Every structure is written in C-alpha cells, then in structure tokens.
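A.B. asks: Let the hints inform the model, and build the full structure from the sequences given.
Protein chains: 2
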Amino acid sequence: MYQNAPYTYRHPHPAVTTDVVLFTIREGELQLLLIQRANAPYSGMWALPGGFLEINEDLEHCAKRELEEETGISGIYLEQLYTFGRPDRDPRERVISVTYYALTPSDRLTPKAASDAKATDWFPLNTLPALAFDHAEIIALAQQRLIAKLDYSTIAFQFMEAQFTLSQLQSVYEILLGTRLDKRNFRKRMLALGQIEETGEQHRTGNHRPARVYRVKNPKRVEIIK
Amino acid sequence: MYQNAPYTYRHPHPAVTTDVVLFTIREGELQLLLIQRANAPYSGMWALPGGFLEINEDLEHCAKRELEEETGISGIYLEQLYTFGRPDRDPRERVISVTYYALTPSDRLTPKAASDAKATDWFPLNTLPALAFDHAEIIALAQQRLIAKLDYSTIAFQFMEAQFTLSQLQSVYEILLGTRLDKRNFRKRMLALGQIEETGEQHRTGNHRPARVYRVKNPKRVEIIK
DNA sequence: GCAAAAGTGTTCCAGATACACCCATGT
DNA sequence: ACATGGGTGTATCTGGAACACTTTTGC
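So the protein sequences, as listed, match chains A and B.
Counted from 1, the first sequence has number 22 at position 23 by numbering that gives the first Met the number 0; the numbering is strictly sequential.
Counted from 1, the second sequence has number 143 at position 144 by numbering that gives the first Met the number 0; the numbering is strictly sequential.
A portion of the hints provided could be inaccurate.
Straight-line Cα separation of at most 20 Å, EDC-like style, residue types lysine to aspartate or glutamate; simulated pairs [as the list claims (entries may be wrong)]:
| id | chain 1 | residue 1 | chain 2 | residue 2 |
| --- | --- | --- | --- | --- |
| 1 | A | K148 | B | E222 |
| 2 | A | K148 | B | E200 |
| 3 | A | K219 | A | E196 |
| 4 | A | K117 | A | E68 |
| 5 | B | K148 | A | D150 |
These aren't lab readings, by the way, just hints derived from the structure by calculation.
Everything numeric in this text was worked out from a predicted model, so none of it was measured.
C.D. replies: Here it is as structure tokens:
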C-alpha cells in the first residue's frame, strides 16, 4: 500500500492520527467501543479505534474510514471533539491526534470483528479496561461533551433507531443523565421540540397497552435548542 | 535555528501549525488581530498569527509562542477552537492547523510591530480585509463560539481590565451581543454570579456620580454558569 | 441649578417542576 | 380479572423581562 521510499522534509513533522470515541446505549448502559492492541506500544491494552491520516485525506474522512475499517460501522453521527498533542503521548514518535466522538443506535452495531486479528468489544463507561496512550483522558472529555450537549441539542436522537417509542427515548435520557425523569414532563418537552412525529404505527410488547411509534423528522441533523 | 539536514519518514507526514484568533474590544467594537503576509503564498494578504509546531512543543505552547513572537502579547486567556485540515488548505504542502481563540483587555495591547517586518493591525469583525488560507472560516467559527459562551460562562470577564465598573462590563456585553441591555437586570445578573466583588474604590469621570469599581474574584478562570 | 451617568425594586410572564389516575393489552 | 407499561392535565414555583425615578458629581 505504501511505497518504501522515505519521505523527506526540511523540518521535522509530527504524525497525525484520528481517534474516535464511539458511544452507544447497550444493556441499559452507556457503552463505548474499544479495540485491543496486538502490537507494541501498549500491546494487549485497549484503545480507541483510529489511525494515521493519509496525506490527501480529509480529517473527518480519516476518522470515518478508520472506524469502518476496524469495526464495520459507518453512516453515523460524528463530531470533532478536541486535538491532543502532548509531546510524549506516543513513545514511537510525535503524534498529534485529532479526536472525534460518534453516536450510534444499538441496532446498527456490526458484531463482526475487525478485518485484522484484533479484538473489538463494547465496554460500559464505569468499567473500562486499562487504556493505551492518553485515551482515558479523551474518553472523559467525550463523555463530558456528550452529557453537556443533551441540555441544549437534540443529540440524544442519534442513539435512537429509525422508529422508537417515547418510553425508549426517555430511557436513553435517563441512562445518560443517571436520573429518573417525570414521564409527563418529559413527553411534553420532547414533543414541544417539534423534532419528532408519529408514524401512525404501534409498538406491541408484553401484556400492556401498545405504544405509539415516533420518528425523528430530520434524523441526520442535530438541532441546537433554546 | 534549524539544521539543514532533511528529516525522513516511512510515510508522508503533514505539517502541523497553530493559528490564533485574538479578540479584543476596541473603539466600541469587537476587533481581532491580523498580520500582513510578506511572502508567498497569499503575499500581501492578511492572516491569523500562527506558525509551525516545533517537534517537542505542546500545542498550546506553540499557539502562545507564535502569538508572543508576532505580537508581543502574552499571559492571556486562550482556548482550543477546532482543527482544520482540508487537504488543499495550503498550496505548499499538507497542513493541519490546530486553531485557538484568545481574549484580551484592550489595555494589554502592545502596539509594537512584530519582530520581523510584517505589519500587524486590529480589524473590526465586519470590515475584515482579504484573508489568506481558510482563515475567514476560522474567524467565523471563533466568533460563533465566543458569542455562544457568553450565555453560559463568564468568558466576557476576559475582556475586562483588572478593575472595571459595571457600566464598562455592560458595554462589553452590549457590543458582543449587538443589543442594548437593561441596566438593572444586567447588574442583578452579574452580581448574582458571585464572580465579581467591589474593590471599595471609585471611578470618577465627567460631570456625574462616580462609579463603584469591581474586580473579578478569580480572573484566570472562566466559570461555566447555570 | 443643570447635565450626565450611577445606582436601585417591584410586577409580570413564561417555562420548568411536581404530582395521580385511567387506558389498552396479553395471559 | 389482573398485571403491566402507555398515556394524559393542572397547579405551583422560579428565574427572566419589563419598567422609572433618585443620587452624586463637575461645571
């Protein structure tokens, strides 16, 4: 893929990577995807999906490509988070990491392992394994940003499947915020946003009244509210 | 300063720069600092202060260093904004720019020109000159972020000198928001933040009642409010 | 005494919060 | 008929918005 000839510059250049914090809601918890490293440095430890920027590739494209290569997941919400560049953050060479965070509904999860031999798995945020590089710091910032955005955007809709009930939506908010919410107030607030609409269908499950099914009017957009 | 020997890598590496959008309030307007380019590309056009990251230098250090080298300004509030990396954003080579924005009170402005021959000047945001690279885009994002932060942080205090009156503070908010504010409500809100305190001194100016003088309790910190 | 900016409280409104019961279904 | 989650309305609270006059100074 790469030629062997060296690339030369008059001044030293850092390497540039992208890393992605991919969140989903699984098993009633906020979880994120990690990849177990097969090689040094940090061999055996877990790390965020990511990799080196190609020389003519857009940053966001790199993040999406690495995510797809390593996990098979594509077409999801992705937003730049922060750029990390402590001089010693990678022992091999100077590496600047442009980080992104991404959200996906749990039905889009491709359980397939990565193309290469590395293991990939989901981890709840409060039981993370030992992490390579400064990835623990990146994850902490991503979680903080995600929670902050709940308050003033419709970002939580990115966790929902194409069709969902208000109870499912409320459950997502409750998991993210770590608190119970009042059902009536929650519904009032969500409907007042004007961002979701009924499909007309019903969702039947168990011995109780069927739930109305909703969809997001503009599923790709994250609206800033208030 | 640099040796002449080339640096070689197995894979191509982009260059990494930092650029800084430095805001201040001057002449009743929000203004920012630009530097006129002396060399190609974009020779003669205006650009943000910034430059190449040194190989063992922290990103934020690079931003501060370039700002000080080119403008003599240091010790001010600085925050990472976004990382720009379109493959064609610099015609010379692939350049990733980690951008920052900075705020300063107008009394800290060192009018000295940069050490080299380039011109530096302040420009109001609505009368910007022709800008090099994608710097117009960077400035637009910085302004948007600054205005958004007014609502939920004490970032505006970074424009104030060590001592100031509530009228001066209100004027800063009015300039940033582009609207007039009610004096009583404004004072109530500012004092309720608990972030400023009276110095006990008075500020006399003109034929009218002297104003009480305030200072920020914790001038380095930007608090998130509400 | 007059011009000019500093300083000060109360009413009103809107949006958020608290709260309890009936509905539709499967077994 | 009963167990289960789905669905609904009103009263209260709170923080923001609107609003006008008195105070202190320099000339």
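A.B. asks: For each hint, tell me whether it holds in the structure or not.
C.D. replies: These are the hints, each one checked on the structure:
{"no.": "1", "hint": "A:K148 - B:E222", "result": "holds (17 Å)"}
{"no.": "2", "hint": "A:K148 - B:E200", "result": "violated (41 Å)"}
{"no.": "3", "hint": "A:K219 - A:E196", "result": "holds (15 Å)"}
{"no.": "4", "hint": "A:K117 - A:E68", "result": "holds (12 Å)"}
{"no.": "5", "hint": "B:K148 - A:D150", "result": "holds (15 Å)"}
Of the numbered hints stated above, the single one contradicted by the structure is hint 2.
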